[in-house]
Amino acid sequence: MADFQIAIIGAGPAGLSAAARAQILDQQNQVSTPSYVLLEGFEVVAKTIQRYQKGKKVMAEPGFLDLRSDVRFEEGRREEILGWWQGRCEELGINIRYQAEVSAITGSKGAFDIALVNGENISAENIILGIGLEGNPRMLGVDGERLDRVQYNLEDPKAFHDEIILVVGAGDSAIENALALSEQNDVFILNRRDEFSRAKEGNLNLILKAISDDGHRLNCFYSTSIKSVTQNSEGKPLHVVMKTPEGDITMDCDRIVARLGAIPPRRFVESIGIQFPSERRDAIPELSRHYESNVPGVYIVGSLAGYPLIKQAMNQGYDVVEFINGNFIKPADYPLLQHQLLGLPYDREVDELLERFQALIPMFRKLNSLAFRELIIESTIIAGYPSDQVLDDARRKINTLASKLRAEGRNPRMTKVIAEGDVIYDRGEFGTSFFTIVDGEVVLENEVEGQQLRTTLGRGEFFGESSLLSGRPRGEKAIAGSNCIVVETPRRTMLKLMNSNEEVRSGIDWIFVVRELQRHFAPFAPLRELRDLGARVGTRQFDAGATIYDEGDEAASLFIVRSGAITLSRQVDGQDVLVSQLRSGKLFGQMALMGDGIRRETATATVAAEVIEVERAEFLELVQRNDARIRQLQEDVSRQVIDKARMSVRPDAAGLFRFLMRNGLGEATNVLVIDERLCVGCDNCEKACAETHEGLCRLDRKSGPTAVDVHIPSACRHCEQPHCMKDCPPNAILRAASGEVFITDACIGCGNCEKNCPYDVIRLSYAAPKKPGLLSWLLFGRGSGPGERQGFEPDAEAKARGKKAVKCDACVNVKGGPACVRACPTGAAKRIGPAEFVALVEGRMQ
Amino acid sequence: MIYRNVMRYAGGRYLWVALLLVASSFVLYFSQGGVQPPNGGTWQGYVLGTVAALLIVWLAWLGIRKRRYAGGSGTVQGWTSAHIYLGTAVLLLATLHCALQFGWNVHTLSYVLMCGVIFSGFYGLYQYLTQPQLLARNRAGEARAGLFAELYDMDGEARRLAARCSPAVGLAVKSGVERTMLGGGMGAQLLQRDGSRFMQAGSGEAAATLLPNADQQPLVDFVAARIPRAAKRSEARNLQDLLAILVRRQSLLRQLRRDIALQGWLRVWLYVHVPMTIALIVALIVHIVTTFIYW
Ligand SMILES: Cc1cc2nc3c(=O)[nH]c(=O)nc-3n(C[C@H](O)[C@H](O)[C@H](O)COP(=O)(O)OP(=O)(O)OC[C@H]3O[C@@H](n4cnc5c(N)ncnc54)[C@H](O)[C@@H]3O)c2cc1C
Ligand code: HEM
Ligand code: SF4
Ligand code: SF4
Chain P
1 MADFQIAIIG
11 AGPAGLSAAA
21 RAQILDQQNQ
31 VSTPSYVLLE
41 GFEVVAKTIQ
51 RYQKGKKVMA
61 EPGFLDLRSD
71 VRFEEGRREE
81 ILGWWQGRCE
91 ELGINIRYQA
101 EVSAITGSKG
111 AFDIALVNGE
121 NISAENIILG
131 IGLEGNPRML
141 GVDGERLDRV
151 QYNLEDPKAF
161 HDEIILVVGA
171 GDSAIENALA
181 LSEQNDVFIL
191 NRRDEFSRAK
201 EGNLNLILKA
211 ISDDGHRLNC
221 FYSTSIKSVT
231 QNSEGKPLHV
241 VMKTPEGDIT
251 MDCDRIVARL
261 GAIPPRRFVE
271 SIGIQFPSER
281 RDAIPELSRH
291 YESNVPGVYI
301 VGSLAGYPLI
311 KQAMNQGYDV
321 VEFINGNFIK
331 PADYPLLQHQ
341 LLGLPYDREV
351 DELLERFQAL
361 IPMFRKLNSL
371 AFRELIIEST
381 IIAGYPSDQV
391 LDDARRKINT
401 LASKLRAEGR
411 NPRMTKVIAE
421 GDVIYDRGEF
431 GTSFFTIVDG
441 EVVLENEVEG
451 QQLRTTLGRG
461 EFFGESSLLS
471 GRPRGEKAIA
481 GSNCIVVETP
491 RRTMLKLMNS
501 NEEVRSGIDW
511 IFVVRELQRH
521 FAPFAPLREL
531 RDLGARVGTR
541 QFDAGATIYD
551 EGDEAASLFI
561 VRSGAITLSR
571 QVDGQDVLVS
581 QLRSGKLFGQ
591 MALMGDGIRR
601 ETATATVAAE
611 VIEVERAEFL
621 ELVQRNDARI
631 RQLQEDVSRQ
641 VIDKARMSVR
651 PDAAGLFRFL
661 MRNGLGEATN
671 VLVIDERLCV
681 GCDNCEKACA
691 ETHEGLCRLD
701 RKSGPTAVDV
711 HIPSACRHCE
721 QPHCMKDCPP
731 NAILRAASGE
741 VFITDACIGC
751 GNCEKNCPYD
761 VIRLSYAAPK
771 KPGLLSWLLF
781 GRGSGPGERQ
791 GFEPDAEAKA
801 RGKKAVKCDA
811 CVNVKGGPAC
821 VRACPTGAAK
831 RIGPAEFVAL
841 VEGRMQ
Chain G
1 MIYRNVMRYA
11 GGRYLWVALL
21 LVASSFVLYF
31 SQGGVQPPNG
41 GTWQGYVLGT
51 VAALLIVWLA
61 WLGIRKRRYA
71 GGSGTVQGWT
81 SAHIYLGTAV
91 LLLATLHCAL
101 QFGWNVHTLS
111 YVLMCGVIFS
121 GFYGLYQYLT
131 QPQLLARNRA
141 GEARAGLFAE
151 LYDMDGEARR
161 LAARCSPAVG
171 LAVKSGVERT
181 MLGGGMGAQL
191 LQRDGSRFMQ
201 AGSGEAAATL
211 LPNADQQPLV
221 DFVAARIPRA
231 AKRSEARNLQ
241 DLLAILVRRQ
251 SLLRQLRRDI
261 ALQGWLRVWL
271 YVHVPMTIAL
281 IVALIVHIVT
291 TFIYW
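Each protein sequence line maps, in turn, to chains P and G. In this text, residue positions in the first sequence follow the working numbering: the first is 1, and each later residue adds one. In this text, residue positions in the second sequence follow the working numbering: the first is 1, and each later residue adds one.
Hint data in this document are derived by calculation from the structure and do not stem from the laboratory. Some clues are possibly wrong.
[As the list claims (entries may be wrong)] Which chain G residues face chain P? A few, computed with CB under 8 Å, are given here:
no.	residue
1	Met1
2	Val6
3	Tyr9
4	Tyr69
5	Val76
6	Pro132
7	Ala143
In this text, a Cβ means the ideal position worked out from N, Cα and C, and glycines have one as well.
Here chain P stands alone, though its shape is the one from the complex (with noise of 0.2 Å):
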């Protein structure tokens, strides 16, 4: 007979939730001894929260989520939270031993041995592992990661002033403890990639808003990393390399803060027997539905079943002491899930459904359960009938409850219902979500040379990944094919899951790289063919300004441009002469391998960029496929060849398109451009802008840069992935099918975009007040007449709403397109896209 019916390890909020749980059990079960023991390590309750900032506003993410536990948790400060729960551990009474950390667990369900570092053993039939992932922090992992100013934990941010901190990180720790140091200190915060998607709405939120106040002592390096700390002898103590996207920089600070997340104490969870699904570092630990691990009688909860937020934490410990005690209860999620499982036609269980989803998806079948399971949570659920009396019943179905729920003022998001046939997205529209197919076909359909080609895709594989990766617009049309049944995850989640999770960032590289292969090469071959091919295929990431090859290197290789822009260039008497200029999606370097094997032409990344790379020995194995596509690449070869000889006897021209790329051509997909030998200065532009937008001209055209009289007003480029986007915490700025981006009103007005957009054509603003009627401008002189410029007061009410970003959306909502270009008298203002880069350069030398 065993001490205790359960054991749960860790005293966080997980563990002591399910000690909560096992607690009240016992007393609605009148057991005078209790059934459980809570062990934890530290000498009071949740180490992980103690080790917080002071002060830190602990949030009660995700807002969708409710609670269910017996212990107390809202948002509020670290202080108050630890407060309740200390509070709540005596009033119950709960059976916590303090300073009972676990060095060994044996045996198996029923007979546990639990090995106590202070020598003593306690014997339980059940283990609830809620130890967290706080075990050992990551270090930088390069020279000096040791030195004394570099920590790894940060206890009290008001202990430093005036110092130069650098913190390492881009996850919640990160960012919090750099919002409380630049209160008293110059602050770099280092992010590793070019965005935040790691982070919890409501911090994403202030890091932005810091990051773009110039109050704050707070500044970001995106895409950079340390590349060595070394000591001082004089001056600030450290020295240290970083590597930026425009290359290294050295920076001498006082101190790094690294917050790179933990390693979890996985040797100790392994010893009982636990198994990870791969050998990477953070991999998660494969559980059931009730969180039982493959080991009978051990579950695991908290963090450390990869579940990274308190209130699931929580959640969980309540629900797992409830299996364990047979009471097989529904999640707290489940509600949530119900809703976007609805309009499915099946009658099964959400977990049930979830289980079979996830099964059915080869990618993420190795993702754990949960993590699937937030997955689903954050995608839309797309549901193809055939387009009879079912989609009628589902399309009831799911209005009859929304409005249910919607009259009870939620907002609930329900299974998106559609009929076979319809098309998901069409070739050409921009989007950037990814789709994944569960059930049933999807038929995508392309055009090659002319001729209609569709592909059906079946259950597990999945599509759109193309324009994920790159940001182009569809290259195809996706119809719903029979029974479709299509998960739709957008953007940020997809990357949060692709930067955490190996197994799927390769498997959505590799697809990337097959179809990529198939486009160019064979259109007509079946992908299942050159799915080996395409593991042997790499991609390489180069920085800005970084040579992929040189003019006359011997070439063993040819590259497919997955996103950025390249450069390629030749030395023509003695001058570097610029020859064409590639964009996502385009071949090059293929010509040595068809010709006579020597680089004609030196390639380098314009901004950075990825590049798939082909060699030889899978280029012929492709070529020599007897559905390639050898006289296409043949053409290709020779127009280019063309193109670059003709462009390299104008340096002049090249000259030009260099300064178009470097003026945000190079990723533009619709730009306004002016002629300049047409343009009278009659501002009609600027005055249809406004006219056409509430007031607000979103175009100057004076300012920004001109060279052999095109000029490129200061106007949105609609870049094709628009950095704006990349950081707004309400997700106001959207991208329309046909390309355009633009600002919705959910805007708050945080000002990131404006930071973020490197051609400076955001700007914040309040509403202009409304313009008076034609009549009473004539008669009355109130307000200004059409087309007149206001320097306008703003109006309570828009003082009220507060300043919003304005761009140009290329007038998206206007009948007729851009207003500018239509309102231009002379000809001189056109918005023109990549496909006519090449067309206003040649113009312009004759």
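With chain P's structure known, arrange chain G with the ligands on it following the hints.
What follows is chain G with the ligands alone, placed relative to chain P:
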């Protein structure tokens, strides 16, 4: 071809429309004959007159279309292109309509006003086709605001350097900067007249005098003249630095003045074209009404 000027809009589509119109007007004109000599009173004359009058109304409508930013058909460039060709055609149509019968009356007044509008239009078109290049070349890739910003810097720099020089130079430069004139009335803007002044200290008891400083040359000469007479090396160096700034400032001012003038010429003709259009329409109404009354 991405950019085409108004003349070449849509491959000169409206040129052909206008030519067709003119050709058929000539046919119509020469079909007059017999008892009456060609004039406004024949049915052909009426047709020509009506078409010309309708065209004039449509031409004037450009002013409205140009301000219909959200709606409106076609592009303003297309409208302008048609405006130019059909406006020119109106000259011929109206001439054929009146068959060159002029007198001191409201009918001829309409004709004269129309000619005024049309010839001012020609002038405007000439401006539209030629000035933008000059403007762009003059600004050399800078925005006007950029030129002003640089001028502002130069002003500060000149003041700073002048403060290190002798009081006479200091006064001259400081006053020269303060009394630099740009723009002014319309005439001054268009003709690039420069009423700048600077103040020269009097010798001994004599009061300071304000001297003209057109194009900044007098001030430049004044400072340049001091350089050989500088007592100290350091003074000579300061003066030379100052001179360099003043010369740069001078060229900036020239650039700005020319920019303002060119912009002005691009606009000023409309102050003739538009009011005359209004007068023309009034005269036209009177012309038509009287024609019917005194039939
Ligand atoms: C800086 C920071 C800020 C955060 N902010 C928020 C926030 O605002 N909102 C939010 O919802 N989440 C936040 N989180 C996440 C949150 O802290 C975790 O999700 C939560 O603590 C996980 O709870 P847990 O019970 O799984 O593990 P933990 O809270 O880590 O608890 C584990 C407990 O187990 C004990 N333990 C470990 N090993 C042993 C052993 N061998 N024997 C006995 N005891 C052991 C530890 O001492 C500890 O008390 C934040 C995290 C960090 C690091
Ligand atoms: C009877 C004949 C004409 C009438 C009534 C007329 C009337 C007008 C009017 C009302 C405008 C609008 C001005 C504004 O609102 O800014 C205009 C503009 C203009 N007109 Fe005419 N016009 C006539 C003939 C011509 C001719 C013959 C030409 C040239 C060959 C011409 C060239 C122009 C030009 C270049 C503009 C400026 C367009 C712009 O900037 O929007 N017009 N005209
Ligand atoms: S606002 Fe700036 S970053 Fe955003 S799409 Fe336009 S140009 Fe690009
Ligand atoms: S659109 Fe509004 S909320 Fe979004 S980043 Fe710009 S200012 Fe911030």
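Now for the hints, and whether the structure bears them out:
| no. | hint | verdict |
| --- | --- | --- |
| 1 | Met1 | holds, 6 Å |
| 2 | Val6 | holds, 6 Å |
| 3 | Tyr9 | holds, 6 Å |
| 4 | Tyr69 | holds, 4 Å |
| 5 | Val76 | holds, 5 Å |
| 6 | Pro132 | holds, 5 Å |
| 7 | Ala143 | holds, 5 Å |
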